[in-house]
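*Asks:* Letter by letter, the chains look like this.
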Amino acid sequence: MTADLFPDGMRAVNVGLAGFADSLREHGATVAPLDWRPPAAGDRDLGLLVARLDDDDGDTIGARVAAANAQAVERILGAQPVLLDIRPAGEAIPGLGGRMLLHSGPPIEFAEMCGPVQGAVVGAALFEGWAGTPAEAQAMAARGAIEFAPCHHHGAVGPMAGVVSPSMPVVEVQNRERGNRAFATLNEGLGKVLRFGAYDESVLQRLRWIRDTLGPALGHAIREQGTIDLKSITAQALQMGDEGHNRNVAATSLFTRTLAPMLVQTADAATARDVLTFLRGNDHFFLNLSMAACKSAMDAAHGIEGSTVVTAMARNGVRFGVRLSGTGDAWFETPVGVPDGLYFPGFGPDDANPDLGDSAITETSGIGGFAMAAAPAIVRFVGGTAEDALDFTREMYRITLARNGGYALPPLGFAGTPTGIDVRRVVETGVQPVINTGIAHREAGVGQIGAGITRAPLECFGAGLRAVGRSLGVPGA
Amino acid sequence: MVSSPPIPATSVSDAVAPLLAAPHGAVHSVFPRAVNLAVDGRLLTLADVRAGRLPNGVALEDPPDFRALGLRAGDRADLGPEEIRLPSVGLAIDLSRARRWDPKLAALGGRADPGRLRPFASLGVASGFGPRAEDRWRGWHAIDALHRALGAGDLAAMLGAAGALVGRGPGFTPSGDDLLVGFSAVLTATGHPLARPFARGVAERARGATTDVAWAYLDHAARGEYAEHVGAVLRALLVGSDGDLAIAVGRALAWGATSGADALTGIAVAIGWVDGALLEAAA
Amino acid sequence: MIAANLVRSRVFANSYRDSVELMRIAAELEGRGGINRAGLVMATPANQGVLREAGLLDATAAAAGPNDLVVAVAAADEDAADGAIERAAALLQGADRDGARGGESRAFVPTTLGEAVGELPGANVCLISTPGTYATAEALKALKRGMHVFLFSDNVPLEDEIELKALAARKGLLLMGPDCGTAILDGVPLGFANAVRRGSVGLIGASGTGMQQVSCLVDRAGAGISQAIGVGGRDLDERVGGVMMLAALARLEADPATKVMVLISKPPAASVAARVLDAIRSIGTPVVVNFLGGDPAAVRAAGATPAATFEEAALAASGSRAAGLDPALVEAARAEGARLAPTQDAVRGLFSGGSLAGEAKLLLKAAHASFTVIDLGDDEYTVGRPHPMIDPRLRSEHIVAIGDDPAAAVLLLDIVLGTASHPDPAGALTPAIAEARARAAAAGRYLAVVASVCGTAADAQGLERQEAELHGAGAIVAPSNAQAAAVAATIVEGRRA
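Chain order of the listed sequences is A, B and C.
With the first letter of the first sequence counted as 1, position 187 gets the number 186 in numbering that gives the first Met the number 0; the numbers rise by one all the way through.
With the first letter of the second sequence counted as 1, position 184 gets the number 183 in numbering that gives the first Met the number 0; the numbers rise by one all the way through.
With the first letter of the third sequence counted as 1, position 387 gets the number 386 in numbering that gives the first Met the number 0; the numbers rise by one all the way through.
Keep in mind the hints are simulated off the structure, nothing from the lab.
All values derive from a computational prediction rather than experimental measurement.
Among the clues, some could well be false.
[Said to hold, decoys possible] Coverage of chain A stretches by chain C, computed from C-beta distances (three or more under 8 Å per stretch; other residues unrestricted):
(1) 20-27
(2) 49-58
[Claimed, not checked] SDA-like cross-link-like pairs, simulated, lysine to any residue; straight-line CA separation at most 25 Å:
(3) 230(A) x 246(B)
(4) 170(C) x 58(A)
(5) 230(A) x 175(A)
(6) 170(C) x 4(A)
(7) 170(C) x 6(A)
(8) 170(C) x 473(A)
(9) 230(A) x 9(B)
(10) 258(C) x 5(A)
(11) 170(C) x 59(A)
(12) 170(C) x 66(A)
(13) 170(C) x 89(B)
(14) 170(C) x 5(A)
We put the CB at the ideal spot given by N, CA and C, even for glycine.
Given the sequences, and given the hints that come with them, work out the whole structure.
*Replies:* Structural data, given as structure tokens:
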């Protein structure tokens with residue numbers, strides 16, 4: 000018969016006037032459903048940049064981006080984070096020495112820091128003995144006698160204020176697949192704690208106990224045990240109601256169960272009792288381990304030229320920052336606001352601190368808010384239904400490159416978590432990465448006053464995309 | 000024309016491996032995560048592995064949405080030991096790394112304690128097979144009769160009751176057929192002497208009296224072949240722990256819309272938890 | 000409990016749905032006014048028994064087989080029953096389009112081209128009719144995904160067109176456009192096109208309505224179209240270089256189904272014309288060329304057949320001879336001319352198709368007629384309003400005004416049928432035509448009306464029906480735009496007021 004252009008039938012995508020699709024269907028073509036809207040919220044140049052960076056094995060730039068992203072995704076999915084040890088930050092973390100403090104989020108000077116972070120700085124200075132009183136500590140920091148750097152620049156991550164000082168014990172996590180290491184302090188628990196900016200004697204006492212008892216005891220047990228497979232704990236926890244950011248009780252329980260026998264064996268009875276009691280009372284202990292594990296995976300995927308994969312999302316209470324695999328050390332920042340959510344009785348949005356912490360590293364690597372389908376109860380914080388939790392995860396599939404089969408989500412038919420945020424897709428669709436977050440009081444030391452679901456701001460991703468475009472020589476980037 | 004990359008198959012049921020030599024078949028019916036192919040008068044099902052392996056199945060890793068692809072009943076399928084192709088949508092299924100799976104349910108012997116059926120509470124009635132007069136499918140007395148006939152060891156009466164359940168109920172695998180599959184599975188797994196003759200008799204009566212898809216499962220049951228989720232429930236009931244049973248029941252309930260629940264009802268009927276217990280749950 | 004007077008059912012073959020879906024639909028039907036009971040079941044003997052007991056079994060349902068899905072309702076009256084069954088059909092069909100995405104509940108609707116392709120792997124063609132600002136990005140994405148592109152949008156920068164066509168050429172894909180209104184691929188009309196017989200004439204054009212006219216006339220001549228490839232209005236511009244026309248020529252040359260080609264466009268830039276004619280010279284397939292108003296000698300020198308009008312091109316390609324103006328039409332034209340008042344000497348053309356307007360202008364000029372021709376599809380008329388092929392209101396206004404124009408002797412119109420066009424273009428204009436004639440008559444003048452319908456019998460609007468409507472309004476209906484212009488020229492022949 001006649002030779003056809005489409006021997007297996009016309010399969011059409013109709014972008015624009017809906018009427019054109021009707022006659023196609025009437026003539027037997029299959030037409031894809033599409034509710035088109037201008038990409039990049041109508042910004043023509045940004046939309047065109049997305050198109051120029053789209054995969055294309057026949058085009059230098061398109062092929063490079065495709066290959067770079069494939070490599071980045073492979074590294075994320077292939078990461079094997081294990082817990083090796085717990086030891087003082089000054090020993091373990093490269094580049095941390097002298098009078099230096101790490102903090103969460105992108106770089107920031109002391110004068111600009113928000114209340115809780117300044118409070119944590121004061122507390123850390125007192126803890127280290129650099130200052131005798133809060134006023135002294137404040138003055139030291141203000142005159143530049145303390146050096147500050149983002150945790151992220153030193154292979155570390157910190158929840159909330161995320162302040163790390165040399166004497167604090169940190170977990171040492173290694174990504175077995177590539178050998179890189181990541182670090183985080185030990186989670187203090189809830190209430191009056193350093194990470195929310197508190198620095199009174201009770202806080203300092205606890206920090207000392209962590210330095211002198213908790214850290215060494217856990218470290219000893221871990222070294223004797225060999226290693227602890229964090230990926231396996233996370234995978235199980237996701238099937239037990241955790242999502243790895245705001246709900247960590249299952250993972251904490253699994254961790255405790257794994258280590259308890261060795262702890263009892265290596266520590267004296269009183270210490271073991273105290274440590275286990277502490278773990279029993281701290282549902283979020285595993286959060287810091289989860290963050291370090293995610294950091295080790297994302298660091299492995301960082302630094303691949305031409306890749307549009309997001310490797311960090313972090314906030315310092317003033318600005319929200321994003322890093323991409325293909326743009327090296329650059330942070331793409333924008334002022335950050337107060338998260339939307341439910342407040343504990345007595346508190347409201349006027350009391351809230353702008354979004355804070357490195358814990359969005361969990362979402363960056365595909366868990367946390369991205370795995371909300373695993374923990375539907377979270378949506379109560381924004382007045383949603385359990386089905387909404389599934390929808391958040393489904394929505395994230397639209398902006399990620401892969402599904403992590405190692406982290407299967409039973410409520411979604413065991414689909415893997417959405418992994419490998421692609422800045423091209425974020426910009427094109429306008430779908431912002433979702434983040435489950437705690438809300439801190441804006442005054443140092445008051446603590447957590449609520450929790451909510453927040454979205455990473457689009458501006459960061461637009462800026463990042465332009466930077467990738469420039470680095471690849473795309474015209475008009 | 001742009002084709003998508005081949006979809007890997009992770010397992011092929013022993014029962015349908017011979018069909019791969021066909022070399023052609025046709026698409027029988029299309030669902031979002033599964034496709035039935037008619038090959039040499041039998042049905043071969045391509046389905047997502049996460050839903051559990053099927054006696055007539057080729058399990059696929061991360062398949063696309065077949066309905067959204069535009070795959071239609073009647074489209075050609077090309078079969079071979081290494082690959083299945085659906086040319087109308089440019090799709091290929093790579094069988095080269097698929098492992099073989101034996102769907103035969105082993106006779107484990109033993110008796111299941113009816114008390115262990117607690118996780119089954121209030122099933123069956125969901126599909127309208129309950130004992131209340133207004134339940135529209137009116138399958139209750141057939142279920143009752145089936146149970147009593149089993150107790151009496153009366154094959155003819157069992158087949159008579161089963162005949163009233165064949166093709167009855169909602170869904171493209173009518174609930175009555177799913178129930179009979181569950182019921183047969185118990186007989187097979189407990190090594191009951193009437194297991195084979197009953198299942199064969201049901202399959203014969205069902206030919207032409209129910210949908211093709213339902214008949215395929217009854218046909219496999221006649222050969223002692225069952226879906227993975229059914230086997231898991233039986234194993235957990237007979238030799239497993241309460242935790243195993245809870246998990247297996249959960250996975251079975253996720254099968255189809257009500258097919259899993261209906262199969263569990265059939266299991267419950269066979270084990271004898273009918274009279275008081277189910278009635279209680281229905282109240 | 001509604002008194003149920005009748006039972007209706009419908010059978011859906013090969014329709015497999017799970018029980019929850021079916022029961023949900025049944026529940027919705029039962030909630031409708033006038034519906035007593037509803038059942039959606041596979042028609043197994045057991046279920047037919049259940050239907051019978053429920054008073055829902057009619058002959059249709061009883062005749063169905065176990066693999067058939069039956070929708071049965073017991074209703075108070077016909078309307079309720081039919082409405083319910085249609086609703087069930089719509090829900091069942093809708094379920095076809097919603098795929099499951101890691102869960103059964105929410106249907107995911109793509110909002111980007113990439114996502115749409117994700118839902119339809121093997122997508123092979125993309126139609127783009129977004130505002131020009133966004134068209135380039137969408138076309139880039141489509142080409143990168145290996146799809147041919149039908150680019151209807153205009154206001155696409157020239158540099159973008161050049162870049163897109165270079166990419167398309169590298170990938171061996173068609174980029175039809177920008178500003179491409181018409182194509183027919185594998186017999187499927189794209190954009191504004193007609194339902195034309197499949198056959199062996201390959202059509203390549205830079206003019207949308209020109210392609211519509213040629214394809215319709217090929218169909219009218221009993222032949223058919225293999226492929227009709229639009230290349231966009233600017234393809235033959237110097238800087239674009241005729242890239243797509245050359246690619247389409249090569250493609251149709253290699254196509255075993257195409258036995259003759261027709262090329263239509265405005266006269267190309269000299270360098271481009273030379274390149275195209277060069278390519279034609281080395282082609283084996285016979286080629287008919289209509290470069291509207293272009294030089295026929297150069298075409299002949301390239302071994303192709305020149306055609307001065309769309310009609311000539313269509314007839315040459317279909318293997319027919321152009322017979323010239325039908326004598327009956329000439330007679331009718333003269334009769335109309337005899338009725339004109341002394342002030343009336345001009346043809347007033349009001350067109351919806353740009354290429355048809357262009358052809359009419361050329362022919363009227365060559366005939367030395369006094370005329371004005373307005374293309375209402377031109378940008379100046381379409382800013383902020385739909386195209387006249389879709390919305391006839393502006394043209395109607397202009398038509399009525401012609402009734403008051405003392406010099407107007409003939410109203411010359413084009414009626415374009417096909418996909419995307421108005422459902423009844425002729426009918427939509429007849430009131431205005433009547434009004435215009437009435438106004439002329441009231442002023443002691445006679446307004447003649449000449450029209451041609453560009454369409455086929457298979458078009459939804461129906462060629463015959465449209466021509467009949469125009470006859471009914473007193474118009475002389477010519478079988479082609481060229482003949483209509485000739486008739487109009489004949490009516491005013493020799494008149495100078």
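*Asks:* Between residue 170(C) and residue 473(A), does the CA-CA distance stay at or below 25 Å?
*Replies:* The hint holds at about 20 Å.
*Asks:* Could you grab the alpha-carbon distance between residue 258(C) and residue 5(A) and see if it respects the 25 Å cut-off?
*Replies:* Distance of about 19 Å is within 25 Å: holds.
*Asks:* Between residue 170(C) and residue 59(A), does the CA-CA distance stay at or below 25 Å?
*Replies:* 14 Å, holds
*Asks:* Decide if the proposed pair is consistent with the structure: residue 170(C) and residue 6(A), CA atoms, cutoff 25 Å inclusive.
*Replies:* 18 Å, holds
*Asks:* Would you mind confirming whether the straight-line C-alpha gap from residue 230(A) to residue 246(B) stays at or under 25 Å?
*Replies:* 23 Å, holds
*Asks:* Hey, residue 170(C) versus residue 4(A), does the alpha-carbon distance stay inside 25 Å?
*Replies:* 15 Å, holds
*Asks:* Would the hint linking residue 170(C) and residue 58(A) be met if the CA-CA limit is 25 Å?
*Replies:* 10 Å, holds
*Asks:* For the segment 49-58 of chain A, do three or more residues have a beta carbon lying closer than 8 Å to a beta carbon of chain C?
*Replies:* Check passed, 8 qualifying residues.
*Asks:* Check whether three or more residues of the segment 20-27 of chain A sit with their beta carbon closer than 8 Å to a beta carbon of chain C.
*Replies:* Coverage by chain C holds for the segment 20-27 of chain A (6 residues, Cβ < 8 Å).
*Asks:* For a C-alpha distance cap of 25 Å, please report whether residue 170(C) and residue 89(B) respect it.
*Replies:* With Cα atoms ~20 Å apart, residue 170(C) and residue 89(B) stay inside 25 Å; holds.
*Asks:* Do the alpha carbons of residue 230(A) and residue 175(A) lie within 25 Å of each other, as the hint requires?
*Replies:* 11 Å, holds
*Asks:* Holds or violated: residue 230(A) and residue 9(B), Cα atoms, limit 25 Å.
*Replies:* 24 Å, holds
The structure agrees with every numbered hint stated previously.
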